[in-house]
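Engineer: Here is what each chain is made of, one letter per residue.
Number of protein chains: 2
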Amino acid sequence: MKKQNERMSVTGMKNSRTVELEKIIKSRTAVLDSALDHYLPSENAPPQSLHKAMRYSVFAGGKRIRPMLTLLTAELFTREHETAIPPACAIEFIHTYSLIHDDLPAMDDDDYRRGKPTSHKMFGEGLAVLAGDALLTLAFEILSAPVFTEGPGRKYWERVPSERKLQLFFEIARAAGVKGMVGGQVMDLEAEGKKPRTDLLDTMNDLKTGALLTASMRSGALAAGCGPEELDKVTAFALLLGRAFQVVDDLLDVEGDAGKMGKAKGADAHKKKASYVSCCGLQETREIRDRLYVRAVRELESLGKGTGALRTLTDFIFYRDF
Amino acid sequence: MKKQNERMSVTGMKNSRTVELEKIIKSRTAVLDSALDHYLPSENAPPQSLHKAMRYSVFAGGKRIRPMLTLLTAELFTREHETAIPPACAIEFIHTYSLIHDDLPAMDDDDYRRGKPTSHKMFGEGLAVLAGDALLTLAFEILSAPVFTEGPGRKYWERVPSERKLQLFFEIARAAGVKGMVGGQVMDLEAEGKKPRTDLLDTMNDLKTGALLTASMRSGALAAGCGPEELDKVTAFALLLGRAFQVVDDLLDVEGDAGKMGKAKGADAHKKKASYVSCCGLQETREIRDRLYVRAVRELESLGKGTGALRTLTDFIFYRDF
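Top line first, the protein sequences correspond to chains A and B. Whatever position you read off the first sequence (first residue = 1), add 21 for my numbering. Whatever position you read off the second sequence (first residue = 1), add 21 for my numbering.
Take the hints with a grain of salt, since some may be wrong.
Treat identical chains as interchangeable: a pair holds within one or across any two.
[To be verified] No more than 27 angstroms apart at the CA atoms, straight line, and that leaves these computed lysine-lysine pairs for DSS-like:
#1 Lys73 with Lys293
#2 Lys200 with Lys176
#3 Lys73 with Lys216
#4 Lys284 with Lys326
#5 Lys286 with Lys216
#6 Lys281 with Lys73
It is worth saying that the hints were derived from the structure and are not from the lab.
This is chain A alone, in the form it adopts within the complex:
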């Protein structure tokens, strides 16, 4: 937290304002957790084992950064920000599915995530694959559910025109697929043991992390009825945030707080993963992050008033220690 506070004082944010913004984020996290709970199938309904596995990973201590971005972006453009709850949940389910599959023995082979056993360690590989499949499918089910379906945010979401829902749907699907997250994950698998150039690393991370992060913000904006010019600004900011996200992840693997992260440091080096640190060294990676931060803040400011909570989240993303 030290670094984050330093950065906040450098950028002139007052402590009481920071506390207020952190409260906003906390209250939104509670809204999201309750909505995720609502949209997930009950543990009492069959097949219980599948529903249990889905719920285990969704509630395994994720930071909710993506759905929070969806909500906070919607809030820039409408008071009825609950309209963004269904896409926010869909995106969190897609993110969770990707973690379950990435952790599998055939991929990153991770036994722990956020201090807890990974899905396949808890439930076996077969069920882990299926829990991931089910979460990905559930995301699309929520987005297309008929208007009479009950659920958090449903009242406002109903008013989103069908054309816009389809657009939002398409952006999320594309961001999750071969031209986004899955494509990036394949590049990541194939880059292991190699030392790629920075531009290749940028492309890989833009796909693996940036695409869904950008879709998170764009779908919040679209659900809120934002116009094309503002959507461009949101996109420009989101791309920088997405890039930074992976840069910071690579830094954390070297200098993060292992206790808070719930996993050992040094995994990238051990698995010979292609990372910014292995590619450019620690100091240069820090400088890449700081340069991205300056640009991101500029883009965010261009969006005008009401960006306080997004700024707090941005500061956290750039200077977190877990």
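Go by the hints and put chain B onto chain A.
Structural biologist: Chain B alone, transformed into the frame defined by chain A:
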């Protein structure tokens, strides 16, 4: 083919008509293959390995029963049956993803399908999981793609109202998820080594196979603008067809043509899978099939004229030997 021909003569179909209908089905298969090829990412675009794995399984000799049902159902209600090509392709991609994941060592652990090595044997487990993930996501990408996207059937698909597209989308997503295919697959995994009652077997198979098969037909009907009454009839027929599909699959595992199927018989018994044969014996399973056939034909006839090709496909599904 002997049984199929017998059945056809019993039901009074003439040979020249049968030949004509088989020609129709053949021409639709060519249309579908070309559309699937169009919607899949190119093997020359990165990441090539992923695209290669996706294409390998889609073109591994599938019978195209589901997308054919989508097209033929649309044809009952419109001359512009090409409107059903995008959902038909989406459904075939979902079906293919499910086969790739089902074949994984952690699930059915199959090395061969249709006489060819399964995806994980060809490309490794990591890429097989990701190829499945990518195909599932691509299905939803196609369904939501903006109207300006080029592609087979796109011209007619554009005219489908957005509300109806969302409905179609929802039905497919639900059929593929926890209340459909994935839910059924989990029940299947958990039933291994047990001898379930027939009603449990029915539920499992309705989820695992029936749900997507019903969605195949309903989405063809919806894309073609079919009304609620006719949609109910389509659904009643599809549910019987879906039930029969699994009954016949279980029979084939005992008395099918191993050469045509491209896999060894007796796998269900070897893996102690819950099947109709293990549950009710061979003779009773045959009778279940025959009773379903009579009901299915009655439902199909209630749909009126133009059902010839669907009847040919029905005869094949009930009395195939591979």
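Engineer: Determine for every hint whether it applies to the structure shown.
Structural biologist: Here's how the hints hold up against the structure:
1. Lys73 with Lys293: between (34 angstroms within a copy, 25 angstroms between copies)
2. Lys200 with Lys176: between (32 angstroms within a copy, 24 angstroms between copies)
3. Lys73 with Lys216: For Lys73 and Lys216, the Cα distance is within 27 angstroms only across copies (24 angstroms; inside one copy 40 angstroms).
4. Lys284 with Lys326: Neither. Shortest intra-copy (38 angstroms) and inter-copy (64 angstroms) distances fail the 27 angstroms Cα cut-off.
5. Lys286 with Lys216: within (20 angstroms within a copy, 48 angstroms between copies)
6. Lys281 with Lys73: The answer is within: 25 angstroms in one copy meets 27 angstroms, while 40 angstroms across copies does not.
The structure does not agree with numbered hint 4 stated previously, though it agrees with all others.
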